[in-house]
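Asker: Sequence:
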Amino acid sequence: MKSDSNEIDLVYLWVDGNDPAWQAKHNAFIGLPQENLPVNCKGRYADNDELKYSLRSVEKYAPWIRRVFIVTDNQIPAWLDTSNTKVRIIDHAEIMPPESLPCFNSSLIEHFLYRIPGLAERFLFANDDMFINMTVTPDDFFTSEGFPIIRLTRKPFRRLQWFCREKILQKPLKNYSKMLARSSQLVNNRYGVYYTGLPHHNIDAYLKSDYRRVVEEVLRDEFSANNQNRMRNNKDVHRSVISYIALAEKHGLLRYVSKEESMHIMIHKDRHYKRLEKCHPMLFCMNDSEYATDSDRIKAKVYLKKRFPEKSAFEK
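Per my numbering, the sequence shown starts with residue 1, numbered consecutively.
Please note: incorrect hints may appear among the correct ones.
To be verified - In silico DSS-like pairs for lysine-lysine, Cα to Cα no more than 27 Å straight-line:
hint: 1; residue 1: 305; residue 2: 259
hint: 2; residue 1: 305; residue 2: 274
hint: 3; residue 1: 301; residue 2: 60
hint: 4; residue 1: 316; residue 2: 60
hint: 5; residue 1: 178; residue 2: 250
hint: 6; residue 1: 299; residue 2: 278
hint: 7; residue 1: 235; residue 2: 208
hint: 8; residue 1: 259; residue 2: 60
Unchecked claim - Cβ-Cβ distance ranges computed for the label pairs, FRET-style:
hint: 9; residue 1: 134; residue 2: 225; range: 18 to 24 Å
hint: 10; residue 1: 134; residue 2: 163; range: 36 to 42 Å
hint: 11; residue 1: 305; residue 2: 192; range: 44 to 50 Å
hint: 12; residue 1: 137; residue 2: 250; range: 20 to 26 Å
hint: 13; residue 1: 167; residue 2: 49; range: 40 to 46 Å
FYI, nobody ran anything at the bench for these hints, they're computed from the structure. The beta carbon of each residue, even a glycine, is placed where N, CA and C say it ideally should be.
Work out the full structure, taking the sequences as your base and the hints as a guide.
Answerer: Structure follows, in structure tokens:
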């Protein structure tokens, strides 16, 4: 299976948490965001125009992307040129079952990406705060056989550390860690291998056929049990399980990332910006969180505007 640069798509999740209509829907279902709760903080939904700058980075450094799909909840970025045939808005209702709507759980939304109409067999997935930082080619994401390159952060003692935290120190794992631990255990149960590497929290590559098969066949019961988790839940199945299974089935190539390849920036930490400038990685993520303030978000937006100043064809 040879990789064809004309048949690789890019999928984003995007939400404008500043939209009054979306806020009303969110607050009616969940309640007001609390800044100290990572599963429901302002930073999880805030829109700082990251998507605009991410698309600028894509146009500049990965013009070979065939089509861009933006998965949203009945929203369209005000600046987006929807007449551009290279981009399409996908509403949650197009790909998700009725019992999953409305949904404020990105982990659940990700379960249904393979249902996007017209999606290429080979595709990349990104959150709107992920950026390409230098010229890349399809070979940076897929092997010559067409299998995804699966980037993980090396954590050889992760399983032991989490065991000690929960069982010895009696400290509960955070929601994200619980999801990852569950995904690893599911793969271990079925394939007899436990992957300790963590997702690198950046642009990932997938095969649509493998994605569909894992969700609908291999772990069908586990995935379908999550369909009503419209807010993040400790029993959610994280999409990392799809990559772990690809590795177990020899349908992916494992690559542990270095700081020169993939970097995760917390926007409230000034030293992370300095590290980004020093290392100049291929990919970087500007992560908002419960620890960030509005001034941190303004700073991040100013930084991105300076880094990607040229308007893209995706903009009006």
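Asker: Output the indices of the hints that this structure fails to meet, ascending.
Answerer: 9
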